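**Q** Using the sequences provided together with the hints, build the complete structure.
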Amino acid sequence: MSAPDRVVIIGAGQGGLQAADSLRSGGFAGTVTIVGEEDCPPYQRPPLSKDYLRPGGEPAPLPIRAADHFAGLDVEVRTGARAAVIDRARREVALDGGGVLPYSHLVLATGSANRTLRVAGADLDGIHHLRTLDEARAVRADLERARSAVVIGAGFIGLEFAAAARERGLDVTVLEAADRPMARVLSAPLSDFVATAHRRTGVDLRVGAGVESFEGRAGRVAAVLGASGGRYPADLVLVGVGASPRTHLAEQAGLAVDGGVLVDDSLRTDDERIYAIGDCAAFPSHHLGARTRLESVQNATDQARHVARAIIDGPSRYRDVPWFWSNQGDLRLQIAGLGLPGDDAVLRGDVGAGKFSVFRFRDGELTAVESANRPADHLAARRLLAAESPLRPEQAADPAFDLKAHAKRGTDRAGSAHRS
Amino acid sequence: MAKVNFHHPDGAVDAVEAESGTTVMRAAVRSGVRGIVGECGGQAMCATCHVYVHEPFLDGLPEIGEDEEEMLECTAEPRDERRSRLGCQIPLGGDVARIEVDVPASQV
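Chains as they are written, first to last, in UniProt numbering: chain A, 1 to 420; chain B, 1 to 108.
To be clear, the hints were calculated from the coordinates, so they are not data collected in a lab. Predicted model, so just to flag it, every value in this text is computed and none were measured. Take these hints with a grain of salt, some might be off.
[Stated by the list, open to error] With a straight-line Cα cutoff of 16 Å, these simulated EDC-like cross-link-like pairs (lysine to aspartate or glutamate) come out:
| # | chain 1 | residue 1 | chain 2 | residue 2 |
| --- | --- | --- | --- | --- |
| 1 | A | K404 | B | E69 |
| 2 | A | K408 | A | E388 |
| 3 | A | K408 | B | E73 |
| 4 | B | K3 | B | D102 |
| 5 | A | K355 | B | E66 |
| 6 | A | K50 | A | D330 |
| 7 | B | K3 | B | E69 |
| 8 | A | K355 | A | D330 |
| 9 | A | K355 | A | D192 |
| 10 | B | K3 | B | E17 |
| 11 | A | K404 | B | E100 |
| 12 | B | K3 | B | D14 |
| 13 | B | K3 | B | D95 |
| 14 | A | K404 | A | E388 |
| 15 | A | K404 | B | E73 |
[What the hints assert, rightly or not] Restraint-style ranges between C-beta atoms, simulated for each label pair:
| # | chain 1 | residue 1 | chain 2 | residue 2 | range |
| --- | --- | --- | --- | --- | --- |
| 16 | A | G26 | B | A12 | 16 to 24 Å |
| 17 | A | A29 | B | V13 | 44 to 52 Å |
| 18 | B | E63 | A | D204 | 35 to 43 Å |
| 19 | A | G342 | B | I64 | 38 to 46 Å |
[Said to hold, decoys possible] Not close to chain B: a few residues of chain A, all C-beta gaps over 10 Å, as computed:
| # | residue |
| --- | --- |
| 20 | E58 |
| 21 | V100 |
| 22 | T116 |
| 23 | P393 |
Here a beta-carbon is modelled for each residue, glycine too, at the ideal position from N, C-alpha and C.
**A** Structure (structure tokens):
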């Protein structure tokens, strides 16, 4: 095998940029090229559904790296460029509008795309998705004049938006098709708590509520018609019904794709020259014990660091602890690990005061910790899950048990084991 | 405008001017100050914007909140009980028109 000397990264989000950074900080001396579709300098997406929507002047988007960062590292960032085809036999990426990038290693960091609703009226003005800066700008502009908003989907984006819209004094209705918010990822106790918190601020959160169609007036949305008959007036609609991995290039190149680009436990696709990271990659998760796909900054950047090491030093198993956060008004949710709907739930803290965590166990082993306004539990959980230190459900439930000290002891033990 | 001086372990100094209302982290990331990452976008979630504030500037700072307190236990470089802060939790302007901070050797 020839020396790895040309890395092409498709995708200029958190994962793509971190991969380039980590290649350089790891001593990679070959060429590194990042190809990104959006025209603007790469920016951070998480604030777009949070701080960015606050009243007041439009905040400047936060760059993922400063404008001249990559020039200083001799990394080429091609924004406004779209990879058209991957030619695996020639090890080349052809760009839209001409241009070919040869690679020794290719990193797919193509992210995910908004799922859309295919119902009548879905293309009316005033119906928004929220992923890109352009979309966030359009949402902000409409928020300035709207009086009522309907959110479709009580997921993280939908609820973060709902909190922002309520803070601005809009009437907000949230329609969720499932029987509770974020049912796929959150335990029932935390999900119920989140629902109550939003209702208390005046959000009309309706579960088991599907969407039939949108009603328009002069090309602009005026109301959402529910599947079971309700009519919800809206000057603004935010559709937050999840995302699909962007796998088109991988499929076209004949790589295995099934709910994401399939990678092995070192994040390598079935072509040993090609890795996939972040939102687009379906990987065998050490912590879940099954294949999954995660949409988070942590997942994108940790996988990026891992793949950079793999390109420099050879593949190894990826096993970083997944974690995630969501700010919804005063509510601060933090999740470490990966739970499944059947996991046991053990409460720690004070639910009434809105400061508690749900510790989730499967067959007596800790799988995930979901925290509401309990940052200490969250960080202890990250440590415990990383070190795979045992925690018993009765310890988690015991307010007198010193979780933080227990987690630190576990980290120290794991650290000394690694060093020896 | 506020002025922030970032002192690097090798002795180099980045002098950054930033708009009031922004934070030490945002000022650093926008200007490309090495060693300040800000991976979570300023939510006190990742501890990659850890700085050591120079003594004379400690007084004007807001108190350390619960989130920041916990994150400061997880910094890559050791916490200094007095001087360690997260850059995303230091607002610029108002009481903090000028500040000097040391950038730790690593953040991850």
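**Q** What are the numbers of the hints the structure violates, in ascending order?
**A** 7, 11 and 17
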